[in-house]
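> Chain by chain, the residues:
There are 2 protein chains.
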Amino acid sequence: MTGAEILIKTSIESGVDVCFANFGTTELNLVSAQDSVPGIRSVLCLFEGVCSGAADGYARMLEKPAMTLLHLGPGLSNASANLHNARRAYSPMLSIIGEHALWHRQSDAPEVMDIETLARPVSDWIRLAKSPDTISHDTASAISSSMQGNSATLIVPQDVQWNESLNPLIESAKPHIEPVDPVNINEIARVLRGGGRTLMVLGPKSLRENGLKAAARIRTKTGCDLVSETFPARMERGLGIPFVDRIPYFPEPAFDFFSQYDSIILVGAKSPVAFFAYQGGRSNLLTESHNIYALGSRYQNLAQALEMLSDTVGARNQGFMAEPDSGSQLADSLPTGPLTAEKACMVLAALQPEGAIVVDESVTSGFAYYQAASCAPHHDWVPITGGAIGQGMPCAIGAAIACPDRPVINFQADGSAMYTLQALWTQAREELNITTLICSNKSYNILRIEMARSGQSKPGKAFKNLTNLDRPPIKWTQVGNGMGVPAVSVTTAENLSKELSRSLEEAGPHLIELVLSS
Amino acid sequence: MTGAEILIKTSIESGVDVCFANFGTTELNLVSAQDSVPGIRSVLCLFEGVCSGAADGYARMLEKPAMTLLHLGPGLSNASANLHNARRAYSPMLSIIGEHALWHRQSDAPEVMDIETLARPVSDWIRLAKSPDTISHDTASAISSSMQGNSATLIVPQDVQWNESLNPLIESAKPHIEPVDPVNINEIARVLRGGGRTLMVLGPKSLRENGLKAAARIRTKTGCDLVSETFPARMERGLGIPFVDRIPYFPEPAFDFFSQYDSIILVGAKSPVAFFAYQGGRSNLLTESHNIYALGSRYQNLAQALEMLSDTVGARNQGFMAEPDSGSQLADSLPTGPLTAEKACMVLAALQPEGAIVVDESVTSGFAYYQAASCAPHHDWVPITGGAIGQGMPCAIGAAIACPDRPVINFQADGSAMYTLQALWTQAREELNITTLICSNKSYNILRIEMARSGQSKPGKAFKNLTNLDRPPIKWTQVGNGMGVPAVSVTTAENLSKELSRSLEEAGPHLIELVLSS
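Here the protein sequences come in this chain order: X and S.
If you're matching positions, the first sequence starts at 1 in this note's numbering and goes up one per residue.
If you're matching positions, the second sequence starts at 1 in this note's numbering and goes up one per residue.
Same shape as in the complex, but just chain X:
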């Protein structure tokens, strides 16, 4: 077998069954190997940021890696922004990067780049494959690391791909989850019983139905409060699932929020920090006055840890506050008239069906959505994690391929959408059930808010020019149709309701441009 075939076979044996790819000459053998060793579905993306974003979406839904196949340093560069988002989501990522033959790497040929250095800021695990005799071990090691919620990058020179290993041993990777420590559970239970105002900060993987229900039981039993990280990888939400608010995005209200508490229990979450720095501000949202505890780590089953904690504090049969059941009210009172961002949020929350996956990169247009969607049917909410815009449309691809029987709705800001709009083509090609709602406010609105916050003198010509997307207006219906996604434009809440309902009934991708009034 060739090294390329061994890599593919090892991946298949480890459960990898999808490859988001945009390859070049240096990955030719890795593609041929997908033909000689079948078992991986190859999905073509017309830009590598779509590959990595799609793999992130797939990983967030299935908690296992897809493969991304990328061409040399340029391919990795293009993938990196969404690899960063994936890292911040702790998504299992497996990036396979082709490389010039080992004997050609030192040639400084035109497309030579230092791939290992490029990979470092977006990878938790990096290796250069050296031989077909060791590539099965390399691949299995990459996948094992990936399965722990890491971004694993394996760089594979052409000669390692095309050379043969005579009797290759095919390894396979198995997921490894660290056990929960009962001693720590008892310690946290003591904190909860100990009085003082206590807050549990729910991190990745605790935000599933069973974890949230256990946390809610603990809340009712002990009087603690709950909060989620601002941008978690995925949260199960909707009617019947306890509502948990998020840490405020801007640091001032976040400081105020945390100042209410004596003790902070981090449930797999990192100690919270401000997203951006502001003059006279600080990074840490917690202070020396807080007692800080950790319930487990992200390498553990945190929902199980919460259930154990619930039992330990005697909350196993505890009822918990259900959110106000206003879902049907929402549907009865659909907004009307010229479409605003807030009305769009209400329409989406009211009409999104049971089991929806909502990939949310709506930025400022979506401010009202999180609250409203607590009354929507059971769904998954998948926001942007690392601040690298252009995540939503690719992520929707991965979610739709991971969960083909569930409707995917991408609630998407226009400025961010432009970053990876090539994703629409793959949505059409793969006939994915994705409805994209483009919030067309024709501006980088978040920057106008930041400008107002900064206290600087009023915006000048350069600032206005660099935040304004209305000249020319992007005609999203033409862009969507041009890439094979049926597209319509709506200017009223009624039409949004009508078009959203219709698109959810039809198979395949749809795009709805939401022309927003302010």
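In case anyone wonders, no lab produced these hints; they're calculated from the structure.
Don't take each hint at face value.
[Claimed, not checked] Calculated lysine-lysine pairs in the DSS-like style (CA-CA distance at most 27 Å, straight line):
{"#": "1", "chain 1": "S", "residue 1": "K475", "chain 2": "X", "residue 2": "K442"}
{"#": "2", "chain 1": "X", "residue 1": "K270", "chain 2": "X", "residue 2": "K213"}
{"#": "3", "chain 1": "X", "residue 1": "K475", "chain 2": "S", "residue 2": "K475"}
{"#": "4", "chain 1": "X", "residue 1": "K475", "chain 2": "S", "residue 2": "K442"}
[What the hints assert, rightly or not] Selected chain S positions facing chain X (Cβ under 7 Å, derived; list incomplete):
{"#": "5", "residue": "T25"}
{"#": "6", "residue": "A101"}
{"#": "7", "residue": "L118"}
{"#": "8", "residue": "L466"}
{"#": "9", "residue": "G482"}
Quantities reported herein were computed from a predicted structural model and do not represent experimental measurements.
Note that the Cβ used here is the ideal one computed from N, Cα and C, for glycine as well.
We have chain X; now place chain S onto it with these hints.
Here is chain S on its own, set in the frame of chain X:
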């Protein structure tokens, strides 16, 4: 003055007058400074790969840097593929990357990345600005480095932007060109007079009219041959300018080509290597049997070096071979019938006007263009240099802004165009005189050629799936119109001639989709 204002003022004093930007919260002060210290034209690009590609195009035409303003690690990641192309073109590049405040960098906030490491593979010069008191020196140093044909990256934390320096000394950068060494000129002249078959390999900056004419006089006088690097940054071409062929792209004909020669004179060129590795191949196109000499370096005025060499070998008044004047013949015999890639090349070469800038990322569709365009009117040819596709459309923006009175024609492959198609929006916004010819062959055709070359068994399902762009077909007229660029589609050579002529007569950008028959 704030650090941000000092940076902008230093840039203006050093002759920087254009900024290709996509900024975020961490660059707010740098944008405000462009309002308080006017003198820079800000150009909004809706993806950072467009910013860097545009700055590259600008630099190739004017041989001085534009500024690119990028947001943190994600912005730099997105810009990196075209920064790589720019490095391979030795374009003067000035990348200004915002960074979190120095006190916030260690917070590991969601958008924190290791920007310095990310920058290393795409930069020749990197610095983290530490204080407003030193930022003028930092900026001038970056621009000085840039002016030598380097990619300079200055990382500017927010607090360095917003803090003030009371009595700042504003430095300014001046271009520095290393003098030509007359001793070396004499040495090369001896080689040329010494017999044996001699080849001069023309590198960057020698491919201007005066350099090419000097080289052609030397060729006539001494009997040496001339060749250009395969992918130079820019070449002046057309009627009256000596024709120079390029080093063959594939290594086998390149080996054969060089094997004819005893002595190789590198005119600012690197020792030539194969673009990609192939089984049983090698990197170096030269062997131990070649005598290798260097006429100057890329830091020198190589056209001047060639003129000095021409004088030294007694060729000052030497005539030189003019290319066959078949320009008018080309125009008289415009091709007709269903459009093929070759016919497209002929139409373009026949109709491109005097002074055109042809940004060429036509890949396999453009095989016939280089030869044909030797008979076109005087023009600049600007190809992709580093193999990172998605260079053409952004590069055209920079060329059009650098040379507003010249028509820019972007001869563009469809697969590559998809990488940075956001460029069309900026072309429309800035009303640039760019005609984009999209060669729609609906495939990654180069990979089919490489597959055939590889000798592997016939292409399987994965290979076909990952090289085929025809399902769905990209409707480029809709994509273009959707971003504000008037667009038409042509299927015959006659219609291409008609639409190309028309678009060149009208101001502003145009897109023509060339539906190619094979």
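> Are the hints correct? Go through all of them and say.
Each hint, compared with the structure:
For the hint linking S/K475 to X/K442, the alpha-carbon distance of about 24 Å falls within 27 Å, and the restraint holds. Between X/K270 and X/K213 the alpha-carbon distance is near 21 Å, which keeps this suggested pair within the 27 Å criterion. As the CA atoms of X/K475 and S/K475 are separated by approximately 14 Å, the hinted pair is consistent with the 27 Å bound. Note on X/K475 and S/K442: the hinted pairing holds, with a Cα-Cα distance of about 24 Å set against a maximum of 27 Å.
Look at S/T25: its Cβ gets to within about 5 Å of chain X, closer than 7 Å, so that hint holds up. Checking S/A101 against chain X: minimum C-beta separation of about 4 Å stays under 7 Å; hint holds. With its C-beta approaching chain X no nearer than about 5 Å, S/L118 sits inside the 7 Å limit, and its interface hint holds. The criterion of a C-beta within 7 Å of any C-beta in chain X is met by S/L466, whose closest approach is roughly 5 Å, and the hint holds.
Taking 7 Å as the C-beta cut-off, the interface hint given for S/G482 holds, the closest approach to chain X being about 3 Å.
Hint compliance for this structure: no hint is broken.
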